[in-house]
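Visitor: Residues per chain are reported as follows:
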Amino acid sequence: MAAPLDVTGATAEAPPEAVLEGAGKAIEGRSLGQIAWMRLKRDKFALAGGVVIILLILSAILAPLLTKITGGPPNEFHQDLIDPTFSKPVGDGPFAGFSWAHPLGVEPRSGRDVFSRILYGAQISLVIGFLATLVSVAIGATMGVIAGYFGGWIDTVISRTMDAFLAFPLLLFALALAGVIPDHAFGLSGNTLRVAVLVFIIGFFNWPYIGRIIRGQTLSLREREFVDAARSLGARSSYVLRRELLPNLIAPILVYATLMIPTNILFEAALSFLGVGIRPPTPSWGKMLADAVGYYSVAPMYMVVPGLAIFITVMAFNLLGDGLRDALDPHAR
Amino acid sequence: MNRRKLTSITAAGLALGLLASCGGGGGTDNNGATGFNAAAERVVNQSTKTGGTLQGALSSDWDSIDPGNTYYAFSWNFARTYGRALTTFKTGAGDAGLELTPDLAQGLGEVSADGKTVTYKLRPNIKFEDGTPVTSKDVKYAVARTYARDVLPNGPTYFVDLLDAGDYAGPYKNKDLNAFTGIQTPDDQTIVFKLKQPFGDFDYLVSSPQTVPVPQAKDTGAKYLEHPISTGPYKVDSYVPGKEFILSKNTNWDASTDPNRKQLADKIDIKLNTNAEDIDNRLLAGSLDFDVAGSGVQASAQSKILSNASLKENADNVFSGRLWYFVMDEKVAPFDNVDCRKAVQYATDKVSLQTAYGGPVAGGDIANTMLPPNIVGHQDFNLYPTPDNKGDVNKAKEALAACGQPNGFNTKILLRSDRPHEVSAGEALQQALAKANIKAEIVSVPAGQYYTRFAGAPNYMHQNNIGIAFTGWQADWPTGFGFLQQLVDGRTIKPQGNTNIEEMNLPNVNALFDQAAASKDPAQREQIYGQIDKAAMEQASVVPFLYGKGLLYRNPQMTNVVISFAYGMYDYSILGIS
Numbered sequence: 001m002a003a004p005l006d007v008t009g010a011t012a013e014a015p016p017e018a019v020l021e022g023a024g025k026a027i028e029g030r031s032l033g034q035i036a037w038m039r040l041k042r043d044k045f046a047l048a049g050g051v052v053i054i055l056l057i058l059s060a061i062l063a064p065l066l067t068k069i070t071g072g073p074p075n076e077f078h079q080d081l082i083d084p085t086f087s088k089p090v091g092d093g094p095f096a097g098f099s100w101a102h103p104l105g106v107e108p109r110s111g112r113d114v115f116s117r118i119l120y121g122a123q124i125s126l127v128i129g130f131l132a133t134l135v136s137v138a139i140g141a142t143m144g145v146i147a148g149y150f151g152g153w154i155d156t157v158i159s160r161t162m163d164a165f166l167a168f169p170l171l172l173f174a175l176a177l178a179g180v181i182p183d184h185a186f187g188l189s190g191n192t193l194r195v196a197v198l199v200f201i202i203g204f205f206n207w208p209y210i211g212r213i214i215r216g217q218t219l220s221l222r223e224r225e226f227v228d229a230a231r232s233l234g235a236r237s238s239y240v241l242r243r244e245l246l247p248n249l250i251a252p253i254l255v256y257a258t259l260m261i262p263t264n265i266l267f268e269a270a271l272s273f274l275g276v277g278i279r280p281p282t283p284s285w286g287k288m289l290a291d292a293v294g295y296y297s298v299a300p301m302y303m304v305v306p307g308l309a310i311f312i313t314v315m316a317f318n319l320l321g322d323g324l325r326d327a328l329d330p331h332a333r
Numbered sequence: 334m335n336r337r338k339l340t341s342i343t344a345a346g347l348a349l350g351l352l353a354s355c356g357g358g359g360g361t362d363n364n365g366a367t368g369f370n371a372a373a374e375r376v377v378n379q380s381t382k383t384g385g386t387l388q389g390a391l392s393s394d395w396d397s398i399d400p401g402n403t404y405y406a407f408s409w410n411f412a413r414t415y416g417r418a419l420t421t422f423k424t425g426a427g428d429a430g431l432e433l434t435p436d437l438a439q440g441l442g443e444v445s446a447d448g449k450t451v452t453y454k455l456r457p458n459i460k461f462e463d464g465t466p467v468t469s470k471d472v473k474y475a476v477a478r479t480y481a482r483d484v485l486p487n488g489p490t491y492f493v494d495l496l497d498a499g500d501y502a503g504p505y506k507n508k509d510l511n512a513f514t515g516i517q518t519p520d521d522q523t524i525v526f527k528l529k530q531p532f533g534d535f536d537y538l539v540s541s542p543q544t545v546p547v548p549q550a551k552d553t554g555a556k557y558l559e560h561p562i563s564t565g566p567y568k569v570d571s572y573v574p575g576k577e578f579i580l581s582k583n584t585n586w587d588a589s590t591d592p593n594r595k596q597l598a599d600k601i602d603i604k605l606n607t608n609a610e611d612i613d614n615r616l617l618a619g620s621l622d623f624d625v626a627g628s629g630v631q632a633s634a635q636s637k638i639l640s641n642a643s644l645k646e647n648a649d650n651v652f653s654g655r656l657w658y659f660v661m662d663e664k665v666a667p668f669d670n671v672d673c674r675k676a677v678q679y680a681t682d683k684v685s686l687q688t689a690y691g692g693p694v695a696g697g698d699i700a701n702t703m704l705p706p707n708i709v710g711h712q713d714f715n716l717y718p719t720p721d722n723k724g725d726v727n728k729a730k731e732a733l734a735a736c737g738q739p740n741g742f743n744t745k746i747l748l749r750s751d752r753p754h755e756v757s758a759g760e761a762l763q764q765a766l767a768k769a770n771i772k773a774e775i776v777s778v779p780a781g782q783y784y785t786r787f788a789g790a791p792n793y794m795h796q797n798n799i800g801i802a803f804t805g806w807q808a809d810w811p812t813g814f815g816f817l818q819q820l821v822d823g824r825t826i827k828p829q830g831n832t833n834i835e836e837m838n839l840p841n842v843n844a845l846f847d848q849a850a851a852s853k854d855p856a857q858r859e860q861i862y863g864q865i866d867k868a869a870m871e872q873a874s875v876v877p878f879l880y881g882k883g884l885l886y887r888n889p890q891m892t893n894v895v896i897s898f899a900y901g902m903y904d905y906s907i908l909g910i911s
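Protein sequence lines correspond, in order, to chains A and B.
Going letter by letter, the first sequence gives residues 1 to 333 in this note's numbering.
Going letter by letter, the second sequence gives residues 334 to 911 in this note's numbering.
Careful: at least some of the hints might be erroneous.
To be verified - With a cut-off of at most 35 Å between alpha-carbon atoms, the simulated DSBU-like pairs for lysine-lysine come out as follows:
1) A:68 <-> B:745
2) B:772 <-> A:68
3) B:460 <-> B:470
4) B:556 <-> B:454
5) A:68 <-> B:728
6) B:723 <-> A:68
No wet-lab data here; the hints were simulated from the structure.
So here's chain B without its partners, still in its complex pose:
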């Protein structure tokens, strides 16, 4: 009896001591001066206070936590806590977050006169979590292993496509790294990329986690995800697929070599496969700090947040970087005629589509260009204006007459049956088109094979006379090139996995992409991206209707919170907890 009492007193004393030490970690310069959308304008709750555990949750799971084998935006954002790529995005609100800054490298890439060689020098004194120094060979190896698509299938293939490496097939079949000629490492600090042709946005490419160094001796191929070797402020303690992902401080990370990140919390604890509604409830209750997916809360939490002022000031309604749009296949009659496409452009009631898609908060802002506002190269224009964006039946009928179909025509709308918002948007479009005598039948197919068998297979579109297809897009890196090339460059049309669904193939647009790739001047590239957007919209086969948005909620306990425009969610590399 006595003993039990004693222990509980000791425990209470310990708890007090812990609390006291928590308070002494560092200075906090905020006084709750937050507000709705505050994290989109500045870094909220700035603090240098250390300690505590950041609690995260995810309603699904990572594709892989291996930096060389992942392709989700949240994963690329989060990978920066345990890995350093050659470059990264600056921490800061608004356009500042789109700016590239050297990370492992000392500066941005030095491009040779012919544009085909890009050289980076690594910062000195960077170490892996086990204390071994990071060399340029580790970066080379990291890129080399992404060539083994059979072992690491998830990431993008830009390096495979761009680097001059012959038919290199990855380091698992041939362990000799000298066989990989796409990258040269003259010394331990220097890394030289050899390109097949110039590529203006190369600095953006190397910001992907595919350049996070991997020590060849520690690589276990497909099993590397069990313990990726960290170079960032945190190291992986454990990753149990479908269950949890726990990281703790990496003692071999040196803040003096890394101006971009912070190491504040002691631990990061992420629960996987958590129910989405449950995540929202715990966020609002304060027992969870952030939803890792960063795509926004569900409908019920949204209504709670927006109708409660004290919750609303901890929320941000931000661009996700995603564009929701539909296309008309230029190879399917009657959309082989530009005037018939214009008829649909004018008949579309974008406000109705927006409401059907979840409204201005959960859906997004009405779009009239392909490039969203948080992409380098965005220009504001509208080639097919209608009153209040609600569609113009008269102009649509004029276009129909010009197209030789004055009585309208029949077509089909392809969409994904397991996406309720997309289905609603398709039904809204069907209603709007009917007003202009365009009768559209909805064809709904499973999302899982949308790009392999249906919308992404031009043959399917042609054989089934699918005129219209819904789709959405998010860029791999936030420039006009990264966003538009896969959508409107005619040379990207593929028999399967096609993302240029409208089959646009215009010589002037294709030439603009080459021009942008060859340009070494970022300002000029930005200009060209705007031109591409306009030229593509003149073709009238793409109808952008929403710049996607999500409502994010940040636990007021979380420090250094800012929206990263590059990822369309909170910047995970500087978070702390008070």
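Next up, chain A with everything else stripped away, as it sits in the complex:
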């Protein structure tokens, strides 16, 4: 990005602080990971994102314990806290229904605890976000490396396949497919089947995004000297792919995986919002947001809370992803 004469930005970044910091100690070599970690540590936003993500994961895992302290089971009705005429929590003002027992208020109509539904909803969002990303990365990285390394007709076939996938109306297809999932299939049933199908749809149709990036990286890597060296020493393609190329691709894969997770969480929320996600009464952020639409004026906090949860999660992953990219691959700026 920087112009050749634009030295201000470049100098600030280029000399690794290793030189300065290491002055007093014995000089030792630093691995790529150590350097990256040092850069990451200096990025306060990325660190904050990481901390939020860890907290989120912890609270999702510990949801059954946390809701014992406050909130209660996510599907338990508390209609004594609901004013049936207006369908909203009893009380005045936007924070009606908030109490020690229900720290984030209760849902209109049913009186279910919002705090515990947010925690249990995080399980769904994170599981789908992570697993779908895993599927995309697995397919995308494999296809990208193969296309980039072998080139020729293999590259053409894979690249055109990617184009076809990218042109696919994913949301419409997901809506149609999620609507016709049977009750039992592949030995799974109920919500397990739904999660599996959502992971498959989201993961399978998003792999070209990461596939293209990996293909590009591979194209430039395969012309490098160390690959030539390995090949001239008689290494087979599979060896070169695994031992020479893949380690150098870890950085971009990690970065784009982190950036894909929030997109996938948003996509799950959108599907749930449109009514084809997880089955009731299992909580999901998108579903909560959809339910809140009719009550935004009588119970505004019911819309704000799941909205904030989605916002914070997506923001945290994006900050961490950006930080990772800067740390692992400063040239990408």
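Given chain A's structure and the hints, the job is docking chain B onto it.
Guide: This is chain B only, laid out in the frame that chain A set:
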């Protein structure tokens, strides 16, 4: 400069003149004496004042404005402004609005001794909007064209099912109207319906817009909706699907031939596909007169109306005529056992379901019978009483023991995922059943195919072991027959599009329907409808929980406003604007 000033003065003068002429249109006998639910008890803002434009809006669109091709309640109500059927519902509050009165016809149908012929005589001097007189052949043609299901697929098929017309396929393939034997027209004023078997509620059938006369020469088939030829007080100026529907006075409508309608406003202007919240806001601000759908305001407007006394007095909380209920499939274990069904009847907490469904105002009143109060034949009874309607776990467990399932059982609840109220009600039922050790899993499916692929397909129910299914129902005409026959007559069970979801097939219930159809005495029919309701409820496979209600708002500027029990919304045939 001078010229511009002059024009603006002239404009102001014109405006004053218009205002003055507005005031001189006629007498108004109200002094703002309205109130909450006033339009459910009497005609509010009675006035004969003419002029002005009635502003309406709809959050969706018509299925079709062709009177022979429409199946929405609001559309049947509104069609009366531009079309006259053989009979119609009387204008009036409460039960008066359920009474049938002749419209195109001079009197109600004359039924032959064997009950298979019904004859109507048309009123003289009724004209189409272009001035040509209406004859019985135009009515016959209107019914004939509803046989062409490939051209006009939307309306009900009662005439096709009932009339003795062989395999007649509509007038588009064979233009000769004599080929249609289900109706005879001995002269221009007389129309004779030939039925396959007696049908007591026939006068109700001919109140549907399917008998609104259509001149054969002007019929353009599926394109007729671009300009249906009017016989009512208003004619269609323009209809742009998804955008607007504008009507103006029909000068060939003669008030002396029509005791039921009024022609007060100069124009009716309806904007389509308007955002529902926007409709509410404009209603409350007074820039809109009525929401054509008539199903009630959204949650935010509801809270504004109910918490503000001056808004509340312009609102009505009325029965929509809809019943919200769920059924247990008698062919799916363990609901093949009546005691297991009774266990669910007793375990159901109807107050919880009501709150989940939107509460007493937006949801409705708690129901214990199938027939809502605004249906002819409604009787008040409760075969499965629980304290305060909140469910009775002990009685439920007794029933479970009697059923041989003392430890409860597992089942599935089928509902529509894109209906938030239904989902909440299903979750509420799930909670209530759990207290009686009945574990229910919710299966949510898209509403679009609910009756073709899911709840309405007995095979799907059996194969997937769906014990419980949520549904709702509104009658095509407000009698026990029109309401119940499609729900509990065992002979209506179909492999697809089934509305008898519980698969109830009781000889005594089926026989009662035949008895009602053959009866010529309305009072006796009314009695039988109550009996059917009770007999069906004894079977315990249907759990009614709400008589649907909506909160309607009427612009105080609107005159002659009354709730029509027959349609569950404001009567659109007499409205004016002051």
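Visitor: Okay, which hints does this one fail, numbers in order?
Guide: Structure breaks no hint.
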